Amino acid sequence: MTIDTLDPLIHVPARLQIVATLAALPDGDALSFTRLQEMIGLTPGNLITHLRKLEDADYLTSEKTGNGPASRTSVALTHRGRAALDTYTETLRGLLNGL
Amino acid sequence: MNGTYDRGAAETYEDQGGLDPREATRLLAQTQRQAQRGLDFRSPRLTLFAAAVSLVAFGAVWLSVRGQHPYKGPTAVALVVLYAVVAMRIGSVVYAHRHARAGVSGRSVSQQRAEGAGLAAALVAVYVLMGALAHAGASDGVVYGVYVVTATLIVLGAFWAGRSAVREDWPGLGTSIAMVLVAAGSAFAGPRGVWLSDGVGLCVVLLGQSAAQAWLLRAPRSDA
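Taken in order, these protein sequences are the chains called R and P.
One point on numbering: in my numbering, the residue at position 36 of the first sequence is 36, and numbering is uninterrupted.
One point on numbering: in my numbering, the residue at position 190 of the second sequence is 190, and numbering is uninterrupted.
Keep in mind that the hints are not guaranteed to be accurate.
[Said to hold, decoys possible] Some chain R residues judged to face chain P by a derived CB distance under 7 Å, without partners named:
1) Gln17
2) Ala20
3) Gly28
4) Asp29
5) Ala30
6) Met39
7) Leu42
8) Ser74
9) Arg80
10) Gly94
[Said to hold, decoys possible] Footprint (simulated), chain R over chain P, 3 or more residues, beta carbon under 8 Å:
11) 79-87
12) 99-113
13) 154-164
These are computed hints drawn from the structure, not numbers from a lab.
Since we're looking at a predicted model, the values are computed, not measured.
Ideal placement from N, C-alpha and C gives every residue a C-beta, glycine not left out.
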C-alpha cells in the first residue's frame, strides 16, 4: 500500500478538515457556510474552492435558502462523501501499520 | 459573502503537495475532536453547574421541610429558590445549546423538537397525576414530597437514557441510569429525606459525569 492509494480529493489539509467536520454531524444534517468557515478557519474564497471540488465529486451537497443579504448556504456530506472518508481513514490506518 | 460558489475558482495551492500519513492522521483526529466539541453543547463546566444547582435547589427545600411534623410541603421561599436555580440551569443549557448548534440544520433539529414535545408531555402528565393523587386523598407527604420529586427525576432520567442510547452516548446513558436509580432509591427516605437524598445523590452523579467529561476531553484519541 502506498500514499497514492489515498483519495487525492480528501488528502489535502483543507478538504480533510471540511470532510471530517461535516462527518461529525449526524446523517441528514447540514452546516451553514459561515459556521463551517468559523470552525475550520479558512478564508471564504479558499473554502468555496475546496467545497466546489468536493461537490463536483458528489462528496457533499449545498443548498442555498433565502435571497439577498439574508441568504444562507448550507453544506452536508453525502453518503458517498461519508463512505469516502471511511475508506480514507482505513487506508491511512493501513499505511501507518505498514510504516 | 455567504457561501455562493465561484465556479471559476482556480486550483488551490494545497493541491500541489500531499500530506504525510502521520500528519494526516494527526490532522484528522484533531479536526474530529474539535468538531465534536464545537457541535456538542455539553461540557464539564455545564455539568458542574448542574451539580451545584441540584444541591442548592433540593437543599433549600429540604431545609424548609426537615422540621415539619406533619409534613406540609416546601415553603414559598424554598420554592422560589428551587425555581430560580432550575430556571438558571435551563437558561445555561439553552444558551450553550444555541451556541453549539448555530448553523446546524436538518433532521436532528426536527428530532430534537419532537423529543422536547415528548418530554414536556411526560412532565405535564407527572403533575396531572400529582393532582389526581391529591384529589384521591393521598397525604401531603406522598403528593408534595415523595411523588413529585421522584416522578420528575425518573421521567427526566428515562428521557435522557433513551436519548443517550439512540445516540450511542454511553457516558450519558450511565449518568441517566444512575439518576433514575438515585431517584427511585431516595423515595425510601420519606417526604423530608427524599429532598436531601436526591440533592446529594444527583450532585455526586453529576460531579462524576463532569470529571468523566473532562477526562474524555483531555484523553488523546487516534481515530485513524
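Results of checking the hints against the structure:
1. Gln17: 5 Å, holds
2. Ala20: With a minimum Cβ separation of about 4 Å from chain P (threshold 7 Å), the hint on alanine 20(R) holds.
3. Gly28: Given a least distance of 3 Å, the restraint on glycine 28(R) holds.
4. Asp29: Holds, because the Cβ-Cβ distance from aspartate 29(R) to chain P comes to roughly 4 Å (cut-off 7 Å).
5. Ala30: Given a least distance of 5 Å, the restraint on alanine 30(R) holds.
6. Met39: 6 Å, holds
7. Leu42: At about 10 Å, which exceeds the 7 Å cut-off, the nearest Cβ of chain P leaves the hint on leucine 42(R) violated.
8. Ser74: Because about 6 Å separates serine 74(R) from the closest Cβ in chain P, which is inside the 7 Å limit, the hint holds.
9. Arg80: 17 Å, violated
10. Gly94: Because about 9 Å separates glycine 94(R) from the closest Cβ in chain P, which is outside the 7 Å limit, the hint is violated.
11. 79-87: n = 0 at 8 Å, threshold three: violated.
12. 99-113: As far as the segment 99-113 of chain P goes, the hint holds, because 8 residues have Cβ atoms under 8 Å from chain R.
13. 154-164: It is violated, with 0 qualifying residues against the three required.
In the structure shown, a violation is registered for the earlier hints numbered 7, 9, 10, 11 and 13, in ascending order.
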